[in-house]
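Working from the sequences, and respecting the hints, build out all of it.
Sequence order for the protein chains is A and B.
Quick note on numbering: the first sequence equals residues 1 to 203 in my numbering.
Quick note on numbering: the second sequence equals residues 1001 to 1456 in my numbering.
Honestly, I wouldn't trust all of these hints.
Unchecked claim - Once the Cα atoms are required to be at most 30 Å apart in a straight line, the calculated DSBU-like pairs of lysine-lysine come out as: (1) B:Lys1010 <-> B:Lys1391; (2) A:Lys9 <-> B:Lys1074; (3) A:Lys18 <-> B:Lys1083; (4) A:Lys18 <-> B:Lys1074; (5) A:Lys123 <-> B:Lys1103; (6) A:Lys10 <-> B:Lys1074; (7) B:Lys1167 <-> B:Lys1230.
Unchecked claim - Covered, in the sense of this in silico footprint (three residues per stretch, anywhere, with C-beta under 8 Å from a C-beta of chain A), are these stretches of chain B: (8) 1035 to 1048; (9) 1063 to 1073; (10) 1123 to 1133; (11) 1189 to 1200; (12) 1237 to 1248.
Said to hold, decoys possible - Covered stretches of chain B (chain A as the covering partner; in silico rule of three or more C-beta atoms under 8 Å from a C-beta of chain A): (13) 1154 to 1160; (14) 1262 to 1270; (15) 1287 to 1296.
Read the hints as simulated data drawn from the structure, not as lab findings.
Note that the coordinates shown come from a computational prediction; the quantities given were computed from them, not determined experimentally.
Note that beta-carbon positions come from the ideal geometry of N, C-alpha and C, so glycine has one too.
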Amino acid sequence: MASKEDILKKYRANVREKFDMPDLSDIAAITYADPLLQFMNMVKSVGGNAIEVEKGRDINELIKELYPDAQEIASNLPEITIATRNPDEVGRARDLNGTDVGVIRGCFGVAENGCVWIPQQMKEKAVCFISENLIILLDKTQIVNNMHEAYRRLSTHDAKSGIDQFDEYGYGTFISGPSKTADIAQVLVMGAQAARSATVLLL
Amino acid sequence: MSTQHSKAAKQFLKNQTYAHWHDATFWAVRTKRDNMAYGLDEWEQLREKASAIKRHTITHLDEYLDQFATNAEKNGVEVHWAKDADEFNEIVYGILKNHNVKKMVKSKSMLTEECEMNPYLEARGIEVVETDLGERIIQLKGQKPSHIVMPAIHLNHDDVGELFEEKGISKEKGNHDPTYLTYRARLSLRNEFLTADAGMTGANFGIAETGDIVVCTNEGNADMSTSCPKLHIAAIGLEKVIPNYECLAVFQRMLCRAGTGQPTTTYTSHFRKARPTAHHMHIILVDNGRSEWIANPEHWESLKCIRCGSCMNTCPVYRRSGGYSYSYFIPGPIGINLGMLRDRQAHSGNVSACTLCLSCQTVCPVKVNLGDQIYLWRQQLDDFGTANPEKKMMCRGMSMLYGSPGLYNFGTGLAHWANLIPSPIMNCGLNPWAEGHDMMKFPKKPFHELIKELKD
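Shown next, in the form of structure tokens:
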């Protein structure tokens, strides 16, 4: 078996000319006059749904209205009182299969592409993917313009929300809309292997 | 005189309906890419930065790899190093055997294609299930990918429908609607995710500063592959490691816009640690030639590639000849170059699959000089002993003809007499200039004479 040192030594010896790291501070990245509006439009354009929730509206009622036929609702969020399953308490990740609606919380949204940053905040992250329909709760004041701002934010602890951008679970994902594929004859189909619909509830 | 590529392309072009569809489909993807690029004022600036970051990173890769591995280990990940495909396959098998794995689900990885991992594991009794829909289709069909991002693009919905009927995946005979077929595949794959003992992913990026691997998918299959099984193995080529999140932002913004014309993939997932209920996560860093390619003064920049596929989408030759016309498992401009780095003797036939239009390097998000490199490979064919003997002879002849003005003028003056040769003889199979169309007519007055007359 080759060791790390053998491979690195060989690579090092074969580099002919070294190049400097460019300055990235001058990237003139796109910004938006109304990042929230742009974010909502992008979520819709990638096949998702974005709804601004009125103040005082009952989230559980709203979820029931959106998915009246849902039998199994999975969430570990304290405010989701209609949850029938808890991703912190299932014996195995696969026990979350058959979830009609999964409800999770996002940290911030990205206006340029409709992404929402979801750090793992539950024992089994399967809930984010295995659910037929995904609902993401998001504070509507937490929208950044672009991925440069997003990754800058991930490099720092967010004192305001109290949520570590990357907590002890050591997993996080940007989700933009529902799972999709065009692998059969280039026809776009929503709902490949993960959630078939994705709704961002902006609170 | 035809190269292996042009002979294979002839087969592809026999089905003209499909060939036109293939061409139009990829042009549509290219158009979507253009819309994305024109939608960002900073697009060309991003390409400059992306190219410069990659140049820096791959010429300091030893340092970044060391940092990446150290940080991944700090996160509790087991990091392995493989010098070639054989070692990679042995390491994967070793890990799977230790955990008594019978079935592994995996998301798309060109690296595992490169190392021919699936047949290696299958020969040792491990079932490997591809979970990207396109990869799953070609796995069931016993085929190889014909495009690195859209692996089953060579099949239409009827092909897939019949395949799913044969494999018992779809229930309604004759229903070849892509939405229905995708739904049936979802149900079938869902069962595989729930019953697999291990999940494997590739990686689009490794982040030196944090030890994360980043996987981008639209289907969510990489996340499904790692959410239920108790073991996660990630396979990553050395050149996929980049310094930090600041650099990642540049590549994340470009990868999908360039590749499929979307503003982002649905999922951009960062794996830093194993799930709390799972075994250790394993990362296997694979060299398999990369530490040699960096030494090639003309071709080292191929290591900048982020595998978005935009060079094949735009390539007029790829669009009109399909992925299977190339002898290397990665087709199109980047595949021509990587194939030559891998094995010049085996893949020289591909370098003719280029019109030198340079559309590839005009769209490449990291500015790999793909067409220029293909031109350079062509200059070396004689050294590799893979130059075509007939073309070589013709070049010698032309060199003599063009080197002697007297002979040239004499020849062009007489050329119009060739117009009198009867068509069946002139346009027969022996004349390579009359392939696919009739031989051109020679003008009575050669160009030189016309110019002289104009001057007078």
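Here is what the structure says about each hint:
1. B:Lys1010 <-> B:Lys1391: holds (20 Å)
2. A:Lys9 <-> B:Lys1074: Status holds; Cα separation ~23 Å.
3. A:Lys18 <-> B:Lys1083: holds (23 Å)
4. A:Lys18 <-> B:Lys1074: Roughly 29 Å separates the two Cα atoms, so the pair holds.
5. A:Lys123 <-> B:Lys1103: Holds, at about 24 Å.
6. A:Lys10 <-> B:Lys1074: holds (25 Å)
7. B:Lys1167 <-> B:Lys1230: Holds, at about 28 Å.
8. 1035 to 1048: holds (count 6)
9. 1063 to 1073: holds (count 3)
10. 1123 to 1133: As far as the region 1123 to 1133 of chain B goes, the hint holds, because 3 residues have Cβ atoms under 8 Å from chain A.
11. 1189 to 1200: Coverage by chain A holds for the region 1189 to 1200 of chain B (4 residues, Cβ < 8 Å).
12. 1237 to 1248: holds (count 7)
13. 1154 to 1160: holds (count 4)
14. 1262 to 1270: The restraint on the region 1262 to 1270 of chain B holds, since 9 of its residues have a Cβ under 8 Å from chain A and three suffice.
15. 1287 to 1296: holds (count 6)
The structure agrees with every numbered hint stated previously.
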